[in-house]
Amino acid sequence: MDHIPILKLGHFLLVTIQVDMHDRLALVLQEELTARIVSDRARGVLIDISSLDIVDSFIGRMLSNIAGMARVLDAETVVVGMQPSVAITLVELGLSLPGVRTALNVDRGMDLLKASLDVEGEAASGQDG
Amino acid sequence: MDKTVELPLRAQEDVVSVRQTVRSHAVAIGLSLVDQTKLVTAASELARNTVIHGGGGTAKLEVIQEANRRGIRLTFEDHGPGIRDVEQALKDGYSTGNGLGLGLGGARRLTNEFAIESKPGAGTRVVITQWTKKS
Numbered sequence: 001m002d003h004i005p006i007l008k009l010g011h012f013l014l015v016t017i018q019v020d021m022h023d024r025l026a027l028v029l030q031e032e033l034t035a036r037i038v039s040d041r042a043r044g045v046l047i048d049i050s051s052l053d054i055v056d057s058f059i060g061r062m063l064s065n066i067a068g069m070a071r072v073l074d075a076e077t078v079v080v081g082m083q084p085s086v087a088i089t090l091v092e093l094g095l096s097l098p099g100v101r102t103a104l105n106v107d108r109g110m111d112l113l114k115a116s117l118d119v120e121g122e123a124a125s126g127q128d129g
Numbered sequence: 001m002d003k004t005v006e007l008p009l010r011a012q013e014d015v016v017s018v019r020q021t022v023r024s025h026a027v028a029i030g031l032s033l034v035d036q037t038k039l040v041t042a043a044s045e046l047a048r049n050t051v052i053h054g055g056g057g058t059a060k061l062e063v064i065q066e067a068n069r070r071g072i073r074l075t076f077e078d079h080g081p082g083i084r085d086v087e088q089a090l091k092d093g094y095s096t097g098n099g100l101g102l103g104l105g106g107a108r109r110l111t112n113e114f115a116i117e118s119k120p121g122a123g124t125r126v127v128i129t130q131w132t133k134k135s
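So the protein sequences, as listed, match chains F and X. Residue 1 is where the first sequence starts when you use the working numbering, and the numbers rise one by one after that. Residue 1 is where the second sequence starts when you use the working numbering, and the numbers rise one by one after that.
These are computed hints drawn from the structure, not numbers from a lab. Accuracy of the hints is not assured; some may be wrong.
Stated by the list, open to error - Just some of the chain X residues that point at chain F, by a computed CB distance under 7 Å: (1) Thr4; (2) Val5; (3) Glu13; (4) Ser17; (5) Val40; (6) Glu45; (7) Val63; (8) Gln65; (9) Val86; (10) Glu87; (11) Gln88; (12) Leu90; (13) Lys91; (14) Leu102; (15) Gly106; (16) Arg109.
Bear in mind that the values here come from a model prediction, so they are computed numbers and not experimental data. We treat Cβ as the ideally placed atom computed from N, Cα and C, and that holds for glycine.
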């Protein structure tokens, strides 16, 4: 498998990482996702990592990079489904995923993305009026 | 399950096989889920160092037994350029590659025992051990 599927769901892109990624695959995902944000005019990215049984510094950096690149491209990123043992390990490793929004599961992540779109929408209509 | 396994570390894909082999042995000796995750994460950091900074090498996995506990000892060895200042390399944020510089220091924090030997020009050996709780 040489790439990870990216699904479009309304204004959002959904990625479910279900394989143990080697580093190059992680970089491919990072590139494909940023390209898709632009081509699909996505406003949000949801990354489901519930199948990942570790997040090391490389994957952690990939998640931070995606969130940063998405933000520059006017899209929000939410990482969902982190296993508790992964969270404990990540913090002891020294990574706290700065700039990455997280939610417990896909449903809550979707709510977060929708809420951030609504807030933007209200602010924009407020300025118009 | 084999008591000693030696795995090559030549390419990025080998890092994935090291993670998977370490995980299956960690499950087999009864490490807790958190200790498994810590050990596999530390192994991933060190295996990547061996491939990227050491120019390739090997990972050796040993299942060790004491009176009232079992453990997994991992030895990562390369014959690469070595590390000039080991103390410096153990500090968070120190990196000569394009990583975050959390690999060595992180691996030390995640495991019960950690030892490193490195000689400039001769290579690097890192040994980590994770033990089950005493019964």
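Verification of the supplied hints:
| no. | hint | result |
| --- | --- | --- |
| 1 | Thr4 | violated, 23 Å |
| 2 | Val5 | violated, 18 Å |
| 3 | Glu13 | holds, 5 Å |
| 4 | Ser17 | violated, 9 Å |
| 5 | Val40 | holds, 5 Å |
| 6 | Glu45 | holds, 6 Å |
| 7 | Val63 | violated, 20 Å |
| 8 | Gln65 | violated, 25 Å |
| 9 | Val86 | violated, 18 Å |
| 10 | Glu87 | violated, 17 Å |
| 11 | Gln88 | violated, 16 Å |
| 12 | Leu90 | violated, 12 Å |
| 13 | Lys91 | violated, 11 Å |
| 14 | Leu102 | holds, 5 Å |
| 15 | Gly106 | holds, 4 Å |
| 16 | Arg109 | holds, 5 Å |
The structure fails to meet hints 1, 2, 4, 7, 8, 9, 10, 11, 12, 13 from the earlier list, while all remaining hints are met.
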